[in-house]
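A.B. asks: Residues per chain, in single letters:
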Amino acid sequence: MKKLVVFFLSLSFGFTFSQETDSLKIKELKEVIVVGTKSQLHEKQSKTLASVDEFLQKSTKVDLIKRGAYAWEPIINGMTTERTVITIDGMRIFGACTDKMDPVTSYVEVSNLSEATISSGQQGTCHGNTIGGAINLKRSQGKFADKGWDFALNSGFETNNKQKIIGSSINFADSLFYIDTDVMFRDAENYKAGNNQEISFSQFRKLNLSTISGFRFSNNKIIEASIIYDKATDVGYPALPMDVSLAEALITSLKFDYKPISNRIDNWETKLYYNTITHTMDDTKRPNVPIHMDMPGWSDTYGIYSKVNGRLNKHDYMVNLNGFYNRSVAEMTMYPSDPNENLMFMYTWPDVQTIYSGIYLEDNWLINCHSNLKFTISLGMHSNNVASDFGMQSLQIFYPELEASKSRFLKSISTNYSYDKNGLQFGGGFGYGERAPSVSEGYGFYLFNSFDNFDYIGNPNLKNEQSLEANVFFGFKNSKWQAKITTAYFHINNYIIGIPDLSVAPMTIGANGIKIYTALDHATIWSNDLIFNYFIHDNWTWKGQFLYNIGRDNKNEGLPFMSPFNYLTSITFNQLKWDAEIILKGNTAQTEYNTFYGEDRTPDYAVINCNLGYKFNFEKTKIKLNTGVENVFDSNYTTYTDWKNLPRMGRNIFINLMFQF
Amino acid sequence: MKFQLKNIVAVLIMALALISCSDNDDSATVNELDGLTKFQEMTNTTHTIELYSHTGVLVQGYNEVKLRIKDNVTNQYIKNATVSWMPVMHMAMMNHSCPNSEVEKITTEGTLYEGYIMFQMAQNDTEYWDLKIDYSIDGVDYTTTSVIDVPASAKRTVNTFTGTDGVKYLVAYAEPHHPSVALNDMVVGVWKMQDMMTFPVVDGYTLKIDPRMPSMGNHSSPNNVHATQTSTGELYNGKLSLTMTGYWKINLQLAKPDGTIVKGEEITDTVTASSIFFEIEF
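Each protein sequence line maps, in turn, to chains W and F.
Per our numbering, residue 1 is the first one in the first sequence, and the count goes up by one each step.
Per our numbering, residue 1 is the first one in the second sequence, and the count goes up by one each step.
In case anyone wonders, no lab produced these hints; they're calculated from the structure.
Fair warning: there could be bad hints in the mix.
Said to hold, decoys possible - Only part of the chain W face toward chain F is listed, based on derived beta-carbon distances under 10 Å:
1. Y347
2. D351
3. T354
4. I397
5. I499
6. S503
7. P506
8. A511
9. I514
C-beta: ideal position from N, C-alpha, C; glycine also.
Go ahead and model the full structure; you've got the sequences and the hints to work with.
C.D. replies: And the structure:
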């Protein structure tokens, strides 16, 4: 029982192998996960109102670091936020929390999105410099069609943490105009791990509102405005010493879309965007804190991109000019027990302003009907400026010669070949990419990391991190089988990670010491996955996915957050009205851990989930009902991505109900 | 959507502002009293001596004092006087002085004279300080004496102690006046008591500093530099690193040139404070 944990749940795993559209279309080596409440009827979602995080977890490339029940941090190929780019429809957004409690994905809702595109390594540089890869969350949007009004009501309930989900959408469309509005609200109490172990401070509450509206002012010109407002309150982070009283985001954009009458340019899209995030950490509800503190953070981003897609002979090309300005500020105020004493204040992010401008070029050469070769190149200027004198002087304690501004030139280049004929697919490519250090890595000031229990200090003198990458995939399919194996190898120079500095004492009470962000000479990451589908019968499919990552630092010791052998297998039944699924997933014990980076051995686990869905159409009304049981055998387990071995949710029964009319 | 456009415009303006920061440094004629406040006047039949400090008061501890001498008849300030001073504490059983510097003219053109006085104790109901100023102008000697107000300091800025070598030492915090979250330039003074009226600077020692925050687990700060002298007879200079605002206790150890500690303890897990220390709060 302890080892073989089992679970029934519900995520219907919609792996897309390469897209199966017409064979003359370019094969993109991207994984697309369908998200959201507005998915088309033919798309089966086993848990329609799952969180964005749960949807992302379906990808073999993505895993999520969990500090609680909310706001999981996506990692791609085992690489965390600093090494990835997560965008919403191409917009750059930066979390405002110094402790990464608010990944970009935490500010959207499934009702805002239609799909998530996951690109590995340098194939994800379209929207920014990355090492590990990129996730672009695609906003759901209406279509210009004479559909008139439609309405939807969503509601859900989960027994384990008494999560109540309620949402609705009101949409209108005609041939010239559309507007979609959504609201979704979630409220959850503490969850219980297996064996009824209540996890204190795991509650959350989230409200999300969004509107997107388009107007077609001529046949080939569209203007579209989008607003997402997201507000989470009373969010517990049981694995961390602090919770969040407020995480609030306003994400806005204005897009112009032009389809010139030309056989060279298909589409020209220009977008202006602005987003602002306020994030307030709070420990006032925690008992026995050594010292109370407030840690608010703010992140504002203004950006623009202009993207042209077209075709020249056998070349599909794309040019993307893009730029953004971000301002990140975070403070820490500590309250001494003697109220007459002055407050202790510091900037943990000293008002760091980042300006980036770059160009991305992509050429996808259709060599013949079954093979293509893709080149990408990205060049950008990246500069940081420390705007706060207070913060500047603070950092000069460590770096007396520090200058307020620093500029970097970032380059990325990649090429990929793919071949697909008679059910046989293979391909591979090479890439080189660079990234600038993140705000925390460059300018963080006493950022406490509870994972390894160290205070972190940024290092403004870090060089660009450089990644050399090679990837290969091989797949085949016939009427019964589909299978694909992918492997990607990254050799990363100047790999940035915290290294203890024994000469500096920590600030946080009880911390083990200080780590300074330091560039290791190199590190390597090797990521491997295998997925297959076997069509047992008309309505029955057997799926499997296997994943194994290895990371090594320059001393050949393990890097943190590398997946041990991880497996998932499921049997799905799919029929016009009914669908059902049973899933077994787990991983073997994590033997490749490194205590130097705060990891410990995580035992193996296995859980079973199962789910059942039913669709019903009555005249214009559509009803979708999904229900399932997750962690059927109520295992108490933890995985390598669970912060400080936080136990995962125990048995959970969910029910999701959608009405569309 | 106006909202967004407005913000884009704001970005552009900010970008421009970043590039085009300009300074107007047309320095007006220097006012030598800038940043100084008069705290007392001492008058005799011929002259009035105006006493200035940055804070407008004297306080127990290290005080930078500036003064100027006005001719009572012409109302002109005297630029060529030779000045010396002697602060004296009047106690019930005895009198004593305190560490103090020579009084020197700041600039030849100006009217101000400056020096420091380090009051190791504060006045109280029955005991008081007075300041005697002797000066000569064109070969004529003058003098004046007044009681001065030296209240106790809120935080500890002076330590008076007998070292392991039997010498009576005085150490005082002089700068930074306005500590900030930064690596601050620190100035301290180290003197010894030769007799009740003579307190010379101690030369060649090291005042080791270890700033701590007792309210937050007694954590320290990095990259402090112990205070040492650059030339004999001078105050000591060091670097004081303060990583946040609040109350800091600067634990001290006074070391002789050979490294022998004459007073103060190293901070360890069990020893949370030294017997000699300064306090600051900002």
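A.B. asks: Holds or violated: the hint that I514/W contacts chain F, with Cβ atoms closer than 10 Å.
C.D. replies: Hint on I514/W: holds, closest Cβ of chain F at ~8 Å, below 10 Å.
A.B. asks: Double-check D351/W for me: the hint is only fine if its C-beta lies closer than 10 Å to a C-beta in chain F.
C.D. replies: D351/W check fails; min Cβ-Cβ to chain F is 12 Å, beyond 10 Å.
A.B. asks: Given A511/W as an interface hint, is the shortest Cβ-Cβ distance to chain F below 10 Å?
C.D. replies: 9 Å, holds
A.B. asks: Close enough to count: is the Cβ of I397/W nearer than 10 Å to one in chain F?
C.D. replies: 5 Å, holds
A.B. asks: Using 10 Å as the Cβ threshold, decide whether Y347/W counts as touching chain F.
C.D. replies: 8 Å, holds
A.B. asks: Answer holds if the nearest beta-carbon of chain F is closer than 10 Å to that of T354/W; otherwise answer violated.
C.D. replies: 12 Å, violated
A.B. asks: Under 10 Å is the threshold here; is the Cβ of I499/W close enough to any Cβ of chain F for the hint to stand?
C.D. replies: 15 Å, violated
A.B. asks: Under 10 Å, Cβ to Cβ, is where S503/W needs to be relative to chain F, so tell me if that hint holds or is violated.
C.D. replies: 7 Å, holds
A.B. asks: Against chain F, run the beta carbon of P506/W and see if the smallest gap drops under 10 Å.
C.D. replies: 7 Å, holds
Consistency with the previously given hints fails for numbers 2, 3 and 5, ordered from lowest to highest.
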